[in-house]
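Chain A is fixed; fit chain B onto it per the hints.
Protein chains in written order, with the numbering used here: chain A, 91 to 186; chain B, 9 to 510.
Don't take each hint at face value.
If you want the footprint, here are the derived chain A segments under chain B, 3+ residues with CB under 8 Å [to be verified]:
#1 94–107
#2 114–120
#3 140–153
It should be emphasised that the hints constitute simulated quantities derived from the structure, not laboratory data. Ideal Cβ positions, reconstructed from N, Cα and C, are used throughout, including at glycine.
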Amino acid sequence: MFFNGGFFWFLMGILSVVVVAAFRAFARDRGWRIAWWKGLFGIAAYFVFAMSFYAWGTLIGEGEGGAGFRILVLGIVISLALGAGFWKLITAKPAD
Amino acid sequence: MSESTEKGISRRDLLKLAGVAGVAVQAGGLVAAGIRAGRSSESYTGWESFNPGTQFFDRRPFEFEGPAHRPVSEVRRPSHLTDYVFGRVAAFQQAYRAHPAWKPGEPLEALGMSAQLAQFYRDFPERLEWDFKTFTETVPNNSRDKEKYGNYYVLAEAYEAGFSAHAGFLRGPSAPPEESDFPGPDPFGRKTRPPLPFRTPALAADFVKEMAHRYGATLAAVTKTNPDWLYSEGWRGCPPDYDFSRMPAHWEYAVVIGVPMEWDVVLSNPQFGTSNDAYDRVSTAAIRLEGMLKFLGYPARSHTPLTNYDLIVPPHAVEAGLGEIGRTGFCITPEAGGNCRMAVVTTNLPMAVDKPIDYGVARFCNKCKLCAESCPSGSISMADSPDGMVIRGYEHWYINNGSCYNFWRETMGPMGCRLCVAACPYSRKDNWIHDLAREIDPRDPTGAVSSGLLSIQKHAFEYPEAAEYHRPPGGRFASFRPEPPYLRAEKYLNIPINKPGK
Chain A
91 MFFNGGFFWF
101 LMGILSVVVV
111 AAFRAFARDR
121 GWRIAWWKGL
131 FGIAAYFVFA
141 MSFYAWGTLI
151 GEGEGGAGFR
161 ILVLGIVISL
171 ALGAGFWKLI
181 TAKPAD
Chain B
9 MSESTEKGIS
19 RRDLLKLAGV
29 AGVAVQAGGL
39 VAAGIRAGRS
49 SESYTGWESF
59 NPGTQFFDRR
69 PFEFEGPAHR
79 PVSEVRRPSH
89 LTDYVFGRVA
99 AFQQAYRAHP
109 AWKPGEPLEA
119 LGMSAQLAQF
129 YRDFPERLEW
139 DFKTFTETVP
149 NNSRDKEKYG
159 NYYVLAEAYE
169 AGFSAHAGFL
179 RGPSAPPEES
189 DFPGPDPFGR
199 KTRPPLPFRT
209 PALAADFVKE
219 MAHRYGATLA
229 AVTKTNPDWL
239 YSEGWRGCPP
249 DYDFSRMPAH
259 WEYAVVIGVP
269 MEWDVVLSNP
279 QFGTSNDAYD
289 RVSTAAIRLE
299 GMLKFLGYPA
309 RSHTPLTNYD
319 LIVPPHAVEA
329 GLGEIGRTGF
339 CITPEAGGNC
349 RMAVVTTNLP
359 MAVDKPIDYG
369 VARFCNKCKL
379 CAESCPSGSI
389 SMADSPDGMV
399 IRGYEHWYIN
409 NGSCYNFWRE
419 TMGPMGCRLC
429 VAACPYSRKD
439 NWIHDLAREI
449 DPRDPTGAVS
459 SGLLSIQKHA
469 FEYPEAAEYH
479 RPPGGRFASF
489 RPEPPYLRAE
499 KYLNIPINKP
509 GK
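Chain A on its own, in the form it takes in the complex (with noise of 0.2 Å):
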């Protein structure tokens, strides 16, 4: 089965690498320069928003979509927050 079988989760970790690069190539065009601590805000912010949308399939096919639906919701509000924070961070003028 393609969903649980290794070549999917090899897109998978393609496709982060291209969110990732797309993410640098967007940061550089704004002139933002990432610390790497800071990148690892902005990995958990995504991570946690990725995660919330497999949980939510998880338990729709455990036949419990309703309960699913609302950890995404919790999961996108985290998530929400986590991104906030990082892009404060990134965007924040240095000290004069």
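Same frame as chain A, but now just chain B:
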């Protein structure tokens, strides 16, 4: 900016667009992969599995030196006549049939029941009330309900009938332990032999557990048999004058095995569930194990749901490290939660014994209470801890098995409840989301993870109210979760069907 493509979009912009598309594709792909993981038959821990991989939880970090149980007052061994609810209610009903003019409140001696049973009811008057209600009110009501609504549940009963039919092929011992447990001529004429020695007790335990899995056990562990947990009378194959006060020496070791009930069916309790699927498998595995041990020259006796027990299983399972006793009174295992039906094989093959484990169930049960809140009969304690609840000399959660059994007899389908099994947050399948909880929660000394998970469990998931599980008009014969499609009589059968609530 980097160079442009023929359409005027730079490669850099193309990369950024691909990144946005990648987020969308990844989200969609993860939902699809999640659905696959949630539906996967591989996540049905132990169901129809015959390999040791079903015991996947690493217990070693949670082991402690036993025993897990210490008596806090004088120990009384369990009794088939009183503690065993089926035997007790049957004896009460038999006595009542002989004295139909008897009414609750009148002396129990007037019923002609045994002094032991009368004393039990004096000690637990609430159980007298419930047991009387069971056969005078609940069972007759249930017969009427089944006439009206029974067809809606008939495929669940058919599913159960297949497993219970096999029970007739499983035989328990017909002679006392000193005779029946020892190897004798087998049906294939193989001769008995002196016990084959193993290289070490550890290897003996490894081999026995490996065989248990190969015979169909999902979980297997070894402990020493505790005489406190032998029934005080009525061992199979023993005459009434048998000396039940001493444990046969060859019952020294107890191999405890467990098997889950089918996962979708267990969630459709109390109306569609059955224990007999797991009873059948665990009994069969235990009888196979008994036969294997006898072949090697060792005495063995299986204690199983379908051939009956001479001992109680949950405390042995706890001592063997299969899990911990929860609020519901059964052994909650890391792999299957409470969805685990158990059997024991007693033997004198020297084996290395397993250690009990503490992976946080006791602390979790103190704060969870989901089973108690869901219990339609209120049989499970709502207390904040089991402190002070002493049953037969040991401190553990009190369950009113009289009110519990009363609700059993109210349910439709194959009979029984098991709602506490379905509601228990530990009774979850083997996929990444539950495995994450399984691995992280026991390693969190603060309890914050379990509190967070419990909060999600209580607020994100929806359950019927306890009253909804009852018969109409007070209830609607609700099930914890809808029945699996293959148990829907409306889908398959061309018969009149009266669905409750319609």
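Hint by hint, here is what the structure shows:
1. 94–107: It holds: at least three residues are needed, and the segment 94–107 of chain A offers 6 whose Cβ sits within less than 8 Å of chain B.
2. 114–120: Answer holds; 3 residues pass the 8 Å Cβ test.
3. 140–153: Three-residue rule met by the segment 140–153 of chain A, so holds; n is 13.
Of the numbered hints given earlier, the model fails none.
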